[in-house]
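Asks: Each chain sits in its own coordinate frame; assemble them with the hints.
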Amino acid sequence: MADATRGEFLSLTTVGLGAMIGGVIGVPATAYLLAPVTKEATFEPVFLGKLDAFTAESGFKPTAATYVEDPLQPATSSGLAFVHYTGKKNTDWHAEDAMFVVFSNRCMHLGCPIAATSLGFACPCHGGQYDTNGARTAGPPIRSLDRFQWEIRNDSELWITQRWSTDIYGGEVHYYPVKMPGQPTHTPGPSWIPNVLYPHVTYTYGTIPGPVPLPKA
Amino acid sequence: MPIPAPDPKQMALQTEDWIEYRSGFPTLVRKFLFRKVPPTGWMHTLGSSLLTVFILQATTGMLLAMTYDPSPNGAYQSIRYITDVQTLGWLLRGMHKWGASMMVILLFLHMGRVFFYGAYKYPRELTWLTGSLIFILTMMMGLTGYLLVWDERAYWASVVAVNINGTAPVLGPFISKFLLAGPVFGAQTISRFYALHMLMIPGAIIALIFVHMWLVVKLGVTPWPSRPLPEPEPQLAPTAHAPRMRETVAGE
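If you read the sequences in order, they're chains A and B. Read in order, the letters of the first sequence are residues 35 to 251 in my numbering. Read in order, the letters of the second sequence are residues 27 to 278 in my numbering.
Bound conformation, chain B alone (with noise of 0.2 Å):
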């Protein structure tokens, strides 16, 4: 008796059964994907937009930082390198460089949107609040990648970022010299700023991602602002001076 051609369909499904005993990872990706929303409209893309302007400066940033040498006496030349010599590099750091901007335009619109259509209220309070901690640190990402450059541009912008923290009253000294490694500028800010850059700063955003989508997961997507129908006055029960006040009224 012939074996059977195996069908492609079945053989699928069952290496999806497979995983689903294992780990249950197709139902968690089913119930992330196939969830109910109320109508929305472009206005609630911005979010996802932002998911992927994140994951392209991810992607690029990793590809930048395997040419890139956080030295003072090297930095500028293996920007020179990324840029003139290495193929499609030119193109990567270019993605890099506008998807940065880009992504503090949409983190804009997003928090317009979230801000205008009242769905930082309860109970999405914690999604508004880990939002904003991420727009601080995207904050924090164009600070610290600026200087990363290391052109004249880049170093007299940051000297200028780091002076506008010092002059913070009690701490801002101390501020700008944590942002230094020093009290001046010197050779270790720039591999500070590059940690700073590439690590702590995307891991804390990495994991405010998580605990923001797990949010808007669980609480569902804020439907378009509404107000209800007017309700029909209610009849008032007629009192002992409603009628004098209007004689009043009528009298003038």
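Excised from the complex, chain A in its bound form (with noise of 0.2 Å):
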């Protein structure tokens, strides 16, 4: 530097007061920006209905349930349940002989709503179809449908408290950590391969419930 003409000196100084500037002002802008890339959602438990309003089922005929997890933003954070009642007794969730299960209405080939048919599910945007237990069975959906845990609460109130992405094969459904439609659960393979292409970002959870058979037809 000390070699540097004044006019060299000036021009190195105009840059780095310019990389400055440009710094200041855009490493926070771009971390505004991208600060939603990290954010985790989180399920709020959410009351369904009433145990009555379900158990008049019979035959493949799941009762659509509407809920709001957040009040102050039912425009946004407002959904969907499948409720179907199986006709057995157990008030376990994750029991092969549970009570109801409850689906989700977003199709897993790109999110939109399906709706119940009497062979299963159907999806109108792009022709995704389920059979009774979620698994797909046509179309372009790239797994089965994800499913809602759930509780009974007062005795009589059905609640969902936690969201699941499922994967039914070898006779069993298989739950995963939420992704997002499109996104496969598990690939042939080591099980970190789907991990790392595409992140279950969606969702933060405790431990993953095992492998439950399908009821028996």
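Do not take every clue at face value.
[Unchecked claim] Partial pick of chain B residues on the chain A-facing surface, computed with a CB cut under 7 Å:
#	residue
1	98
2	122
3	182
4	183
5	192
6	200
7	203
8	210
[Claimed, not checked] A few chain A positions that, by computed beta-carbon distances, are all more than 10 Å from chain B:
#	residue
9	98
10	183
11	185
12	202
13	214
Hints in this document: simulated from the structure, not taken from any laboratory. Virtual Cβ for every residue (Gly too), placed ideally from N, Cα, C.
Replies: Here is the structure:
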């Protein structure tokens, strides 16, 4: 620097100052813009309805139940769950003979709302089809429907307390932390592959429940 | 001695001179508008049509933004207000909506013209690249603007669009979280789309339009592609094996 002329020194100083000002503005701006990328959602337990609203079902006619997670934001935090009453008595959601199966209504192709049919579920957007277990039978969806963990509170209220992505294979329902629609929960080979390719950055969880055998037909 | 009546033409010229000496703008405008171009046709009007539609979109968009409320609970109501109550609101909203489709259609035609005329070749590669960036940004305008209507179709179409982004390996979930301003469709999603739609992307498009126009004026318009007339075939010097080949063919 000792050999720099006055002009060289001044242009270096100008570039340096410019970079500094750019950093002072640019770094916080970028961080502000990208902050949502690291945000994780938590699922707040939600009241779905009284038990007798769901137990009248016979055959496969799941009851649609709407819920609002955040009462301050009804337009963006509302959802719909399909409650299927199995006719059994076990109130443990994770048991093989559980009383209810609570499906999410989001198609696992690209997240459109599905409709219940006598055969299972169908998506109007791109024709995805699911059977009565929520397993994909036709169309573009990549995995089976998400399910809600549920519990009975105050003896007569059905609450959903957690959301799980599922995949049905080997005659069992396998549970995974929630991934976005269109992303696989598992792929052939080691289990870390889908987690690196499709990080489940959506929800925070404790222990992941083990697989549960499908009901006997 | 009476003062002569001012001549309007003289006054206009004096005003132009006044501006010219202080800014040089009249010369700039003259150089931009009165420049030599090769024989052109209707196909060469697509670019300026695009600029016109962009100005239409910017103008109607600014006016719609005065009434629009980018919040989950107010957006649809404000759209209803613009359409049903406000004077000529239905017209401005309609112009913005149809202008959006027009812009995408004209973009494809303009790009097709440039491609089939070979106008992207040397020395106009940068014109093509800046145009491509404007194309991508216009697609993003379409995506972010679609949600703002905030009816069922807008909502679910945006859910699908964000989830399509989410299916990209590795970066996908981060891109969709970036677009949604969080892990799920939330209260901030619509204001984020709104800021992208009316501030960030248009700002980038305007800057790129200036670069694009500068390049068009500097490099000139590409003429019709044409093949030069075929030159007479050069007479080959006879070689040692040429006659033999001819013999072989003749012998068969």
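Asks: Give a verdict on every hint.
Replies: Hints and how they fare:
no.	hint	in the structure
1	98	holds, 4 Å
2	122	violated, 23 Å
3	182	holds, 6 Å
4	183	violated, 9 Å
5	192	holds, 4 Å
6	200	holds, 5 Å
7	203	holds, 5 Å
8	210	holds, 5 Å
9	98	holds, 16 Å
10	183	holds, 18 Å
11	185	holds, 22 Å
12	202	holds, 20 Å
13	214	violated, 4 Å
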